[in-house]
Amino acid sequence: MNYPLLHVSIGYIKKHLLQSILLLIGIAFSVALIVSVDIANQSASRSFSLSKEILSTKSTHHILGTYSDFDEEIYKSLKLKLGLKNLAPIVEDYVNIAELDGRAVKLLGTDFFADLIFHDGQNSPLSNLTQNTLTELIAKPGAALVSSDIAQSAGIKIGETLNVTYGSETLSIEIIGVLDSQNDELSKSLGGLLLTDISTAQELLGKVGLLSQIDLVIDEETPEGLSALQSIRDYLPAGVEVKSKDLLLGSAKSLTRSFELNLTALSLLALFVGVFLIYNIVSFSVIQRRSIIGTLRSIGATRRQIFKMIMAEALAIGFIGSLIGIAGGVLLGRSIVGLVTRSINDLYFTLTVSNFSVSPETIIKGLLAGILAALFAALVPAYEASSFRPINILRRSSFESFFLKSIKLFGLIGVIVIALGYVLIILPTKSLVLSLISVFLILFGASLLVPISTTLLMKLFSLILSPMGLIGRMSPRNIIRSASRTAVAIASLTVAISVILSVSIMIGSFRSTVVNWLDSTLTADIFISMDSPNISSQAGLNPKILDEVINTSGVDRVATVRRISYNSPGYGLFNLVAVTKALATENREFIWKEMDNEQLWDQMQHNSILISESFAYRNNIEPGPAKTIELQTDQGLKEFDVSGVYYDYGAQTGVLLISDDLYRSLWQDDKITSLGVYVSNIDHIDKTVRELRTKLSKYSNLVIRSNDNLKQSAIKTFDRTFTVTSALRILIAIVAFISVLSSLMALQLEREREFGVFRAIGMTVSQLRGMIFLENGLIGLASGLFSIPLGVALSLILIYVINLRSFGWTLNFSIEPRYFIEAIGIALIASIAAGIYPAYLIGKEDVGKLIREE
Amino acid sequence: MPIENSKVPISLRLKNLSKCYSEAGRKIEILDNVNAELNQGDVVALIGKSGCGKTTLLNLISGIDRADSGEIWIGNTLLNNLSEEELTLIRRNRVGIVFQFFNLIPTLSVIENVSLPRELNGSQGANVSSNAKELLIRVGLGDRLNSYPDVLSGGEQQRVAIARALINDPDLILADEPTGNLDDDTAKEILELLLSVARDRGKTMIVATHSSEIINFADKLYTIHSGNLIPGQSGS
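Protein chains in written order, with the numbering used here: chain F, 257 to 1110; chain U, 16 to 251.
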C-alpha cells in the first residue's frame, strides 16, 4: 500500500482505538470458537487413535471379535502356523476407579515378550519398562502399571493397592510402577491405562483363554503384506476380523462425525455473526473518514488505492484478531475438549485417553477464517469508500437513501435465498452438510429481509409511539434513516438470538421427548445395574444376583437386560440388547410394527428382532415388512426378521432388540447387564429398595435405584451431553453482544453532532438519554421479534432434519413461551447495554464542540 | 438560582467576561474582560476575523459553553451559577439559535422541526402545530410543512431554522453566520427575513457575520479583536 495512505490508516486506527479493539475482540472471539471446536474434534479423533497405539505406534491392523472376545489359540496359530511376526495379543476392558468418581479406565494386558512390543525400539510407548518391572509384572499376581495421569489423580503410590470395579466385582490391583514417557506424544497414548501381564488381565476380567484384540504390523503396500493379510482373513474364524487402524479410526470418526459437524456449524455461526460485526465497524470507519477520503481522492488518490487502503486495514486487523483468537481458542479448547470427550463417552464409545493437541491445520483454519471473514465483511464498505467522488463527497445521507431504495431488492434476494435453502432441505438426501448449508442460506436470506422488515416495523412503532411526542415519532425514523447500519445490527442480533432460540427449542423438545420416552420405556419399579457403566464395556452382573432378587420379599417379577457392544461389518457399531418380555414390547412406542405386542413377542422367541429408529436410519432400513438382518452369532451367521422399528433415544449408535431366550440360545453368554424389578405393592418400592440394598451389599459396584431415581439420572446424563452445545450457544451470544454493542455504540457516537444540536436547541441530557435508550430498545425489540419466527423455523429444521440426519432420532416439537420471553429479553438487554456508553458520554461532552461545523 | 419567567426590558448584560482555551499546552485568550449591555429589541452585528471568538461569545451567551470569569445576564437571570439542566431550559425557552449549517433534524418534517423546542417542553397538539404553521407561513414555507429537510434548498432550510428559533418566543435570538453557507441572493433574503421577524416581534438579536448587509441594518455593531469586544456604530 502507498506509504501516505498507510500513514492515514495508522493515524485513524490510533485515534479510534476503541473501535479497533472492539473489532479485534469480535474477530478474536469468532476465531477462538472455530479453533477451540476444531481442537476438540481433532483431539477426540487423536484420542481414539492414540488409544490404539499403546503397544506400538506403528501397529497398522487389529484383529477383533465382532461382538466378543475370541480364543487365544488364534494368536498362537497366527504366529506358529502362518509364521507372522510383529504382533501382540491384548486382553482389555473398561474398569472403574471408585476414588475417581467411577472414572472409566482401560485395563489392558499383553504379552511383554511379543515381538510387536519391541518393534518401535526406543519409540515404543513401553520402551521405558525395565527388565525388573517386566519380571515383576509377569510374576506377581494382580500386579499392574498405572498411567501417570491416574496415579496423580488418585494419589496412588508404587506398592499401594488400587481398587477398581468391573461388573459387580471389585478387583484389587497392586501398583508396581508408573507408566510414563519423556516423549509427550507417547506419554499421551498411555493415558487412562492400567497395564498388566496378559494372564493377569485374563484372570481379573474373567477372560481366561480369551483375547480381546491382536495388534499387528502389516505393510499393505507390499505383495508380502497383502498376501499375509489375505492369509489372516482366510484363517480367521467367523466372528473374528482383521481391520486396519485407519478403517477403525474412520468408523469411529463416521460415528462422531455428525456430532462434531454440528459443533463446527455452531462455531461457524459465531463467525457468521462476527462478519456483521466487522462490516459494521469497517463501514463506520469509512463514514467517519468521509471527508478525509474525499480529500485524498481530490488530490489524486485513485479509487483502487482507497479500496486497497480499507482492505489492507481489514487484513491487518483480521490478522491480528485471528492471532489473538487462535491463542484464545487454544485456551478455550482445553475446556471444550473435556466436554466433547465426555459427550462422546456418553453417546458413542469410551475414550480413556485424554489428548489435547493443536495441529498446524487448526491454526491455519483459524487464521484463514478470521482473515477471510474480515476481508469479506470489508468488501462493501471498501467499495463504498472507493466510490466517494472527489469533488462532491458522497454524503452518508445519499448512501442511506440508496440503501433504502435497495431494501426491496435485498428483500427479494432474501426470499430467493430462503427458497433455495428450503429446496436443499426437502431434497431426498441424508446429507448433513447440505442441511447445514441450508441453515446458513436461510439465516443469510433472513438477514437480507431484515432491512425491509425493520422499515415496516419502525413505521408501525412510529404510529404506536406518537402519543409520546416527537421523541416517540423520531426514534423509529432515526432507525430507518440509518438503515444501512441499524439493519445490519438488527440482522446480526436477530441471527444470534434466533440461533440461541432454536437451540433452546431443540434441546427443550429433545428433553421432553426423552422424558416421555423414559416414562414409557422404564416400566419397572426398581432398576439394578452396574455403577458408571461404560458404553463400550462387555462386563455384566454376577448371574447369582438374579436369583437373590427374585427371592426377595415384595418382588413380583424380574426382567433382565443384557447389552453388548456389537461391531458388524455390515451395520457398524451398535448395541445388541437382549430383554425379557416385560421390557420388550410393553409401553414401547413404535414407528412401525408388523403385529400386535403379543404376537410380536411370540415372533421374537423364534426369529424376529426389533430395531431402533437410529439403527434403521443409519442403515437405510425403511420401516416396513420383509426386512431382514444378518448377524454373526456363536451358532454361525443367522438371519433375523425385522418385526418392528421403535423410538429410542439411548445410544446414538443404534440398538437391536432381541428376546432374551433367543439371545441365550444363539450366543454363549450368561451375563446380565441390568435388572428391572416389578414389586407386588407399588407403595412398598422404597422398602424393597432398602431390602435389596442390604441383601446385595456383598456385591460391589451395584446401583439399586427406584424408577424415579433412574429417570432423574438419565435426564442428568442427557443434560450433560448438551453441555458443550449450551456452552457454544453462550459464546455465540457473546459474539452477538459485542457485535451489537460495537455497531450501536458506533451508530450513536457517529450522531454526536446531531445530539449536540438537540442539546443546543434545548433538549435536556435526560431527554437525550431517553431517546438513545428508546432507539436502542426498539432495535433490540425488533431483533427479538424477528428472531422468533426465524428461531422457530430453524428449530424445526434442527429437530426434523439436522437431528434426524445426525443421530437418526425423531423428536417431538415442543415449545415453551419462556423461550420467546428470553429471546426478546436477551435482545433488549444487549441493545440497551449498547446505549450506556453513548448515553454516559452525552452528559460529558461539550455541546459547543459537538456542534462545531465540519 | 431559580429561573424566572418574567421578561424584562434589559435583554442581555455581559460583565467582565473572559474565556480562554488550552491548545497544545498553550493558553489562548479568546475573550478578555468583555462588557456589553443590550436592550430589548436591539439588533447587533458581531464581526471579527475567523477564529476571533464570535462563536465562543454566542456559545457563552446561550449557555452552550461556560465562561472562565465574569457574568452573563439574560434579563435578570444570571447564567453563571446555573446547572446544565437549567442552562438547557434557558436555551429552550429564552434563546433561539440559528446556525450556519442550519442543523435541522433530518428525521423530522419541516413542521416537526419547528415544533421540536416546544414539544421538548411537553407541549403537544393543535396549539403547537398551529404556532409552527403560522411561523412557517411567516418565513414563506407554508407549502412545505410536511417536507423533510433533505429536499429543501439551503435557503429554505435556514428559513425553517429561523422559525424553529422563534417557536418558544425567546427573549434573544443568536445567529451564528446565518448566511455563511448561502449564495448572495439567498443570503440577502435570509438576512431580511431575520431582521424583519426580530423587529416585528421586538426581539433582541445578535448576528455573528461577515456580511456587510447586516452591518448596515444593525442597531449596534461590535467587533471582536484580540479578545476584546469593541463597540462601533452601525451604518444605519
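Among these hints, one or two may not hold up.
[What the hints assert, rightly or not] Label-pair distances were calculated between CB atoms; the ranges are:
no.: 1; chain 1: F; residue 1: Glu1008; chain 2: U; residue 2: Lys42; range: 20 to 30 Å
no.: 2; chain 1: F; residue 1: Ile277; chain 2: U; residue 2: Ile152; range: 48 to 58 Å
no.: 3; chain 1: F; residue 1: Phe632; chain 2: U; residue 2: Ile152; range: 29 to 39 Å
no.: 4; chain 1: U; residue 1: Gly137; chain 2: F; residue 2: Val689; range: 55 to 65 Å
no.: 5; chain 1: F; residue 1: Thr558; chain 2: U; residue 2: Lys42; range: 36 to 46 Å
no.: 6; chain 1: F; residue 1: Ile277; chain 2: U; residue 2: Glu38; range: 26 to 36 Å
no.: 7; chain 1: U; residue 1: Ile152; chain 2: F; residue 2: Leu274; range: 29 to 39 Å
no.: 8; chain 1: F; residue 1: Ile266; chain 2: U; residue 2: Asp215; range: 32 to 42 Å
no.: 9; chain 1: U; residue 1: Lys42; chain 2: F; residue 2: Ile266; range: 23 to 33 Å
no.: 10; chain 1: U; residue 1: Glu207; chain 2: F; residue 2: Ile266; range: 15 to 25 Å
no.: 11; chain 1: U; residue 1: Arg41; chain 2: F; residue 2: Ser662; range: 41 to 51 Å
[Claimed, not checked] Covered, in the sense of this in silico footprint (three residues per stretch, anywhere, with C-beta under 8 Å from a C-beta of chain F), are these stretches of chain U:
no.: 12; segment: 67 to 80
no.: 13; segment: 115 to 127
[Stated by the list, open to error] If the Cβ cut is set under 10 Å, some of the chain F residues that face chain U in the computed set are:
no.: 14; residue: Gly725
no.: 15; residue: Asn734
no.: 16; residue: Ile1017
no.: 17; residue: Gly1099
What the hints contain is simulated information worked out from the structure, not anything from laboratory work. Ideal Cβ placement from N, Cα and C applies to all residues, glycine included.
Results of checking the hints against the structure:
Range check, Glu1008/F to Lys42/U: Cβ separation about 26 Å, and the 20 to 30 Å hint holds. Between Ile277/F and Ile152/U the C-beta distance comes to about 52 Å, which sits within the given range of 48 to 58 Å. Checking the proposed 29 to 39 Å range against Phe632/F and Ile152/U shows it is violated: the Cβ atoms sit about 53 Å from each other. At about 60 Å, the beta-carbon gap between Gly137/U and Val689/F stays in the expected band of 55 to 65 Å.
At about 44 Å, the CB distance of Thr558/F to Lys42/U agrees with the hint of 36 to 46 Å. One distance hint, 26 to 36 Å for the beta-carbon pair Ile277/F and Glu38/U, holds here, with the actual separation near 28 Å. Between Ile152/U and Leu274/F the CB atoms are about 47 Å apart, so this pair departs from the stated range of 29 to 39 Å. Between Ile266/F and Asp215/U the C-beta distance comes to about 56 Å, which lies outside the given range of 32 to 42 Å.
Range check, Lys42/U to Ile266/F: about 31 Å between beta-carbon atoms, so the 23 to 33 Å window is met. The beta-carbon spacing between Glu207/U and Ile266/F, approximately 50 Å, falls outside the hinted interval of 15 to 25 Å. About 50 Å separates the C-beta atoms of Arg41/U and Ser662/F, a value consistent with the hinted range of 41 to 51 Å. As drawn, the segment 67 to 80 of chain U meets chain F at 6 residues by the rule of a beta-carbon pair under 8 Å; at three or more, the given contact holds.
Beta-carbon proximity to chain F at under 8 Å applies to 8 residues in the segment 115 to 127 of chain U; the threshold of 3 is reached and the given coverage holds. Interface restraint check for Gly725/F: the shortest CB-CB distance to chain U comes to about 5 Å, inside 10 Å, so the restraint holds. Interface hint at Asn734/F: satisfied, since its Cβ lies 5 Å from the closest Cβ of chain U, which is below the 10 Å cut-off. A hinted interface residue such as Ile1017/F counts as satisfied when its beta carbon comes closer than 10 Å to some beta carbon of chain U; here the least separation is about 5 Å, so the hint holds.
Taking 10 Å as the C-beta cut-off, the interface hint given for Gly1099/F holds, the closest approach to chain U being about 8 Å.
Hint compliance for this structure: hints 3, 7, 8, 10 are not met, and every other hint is.
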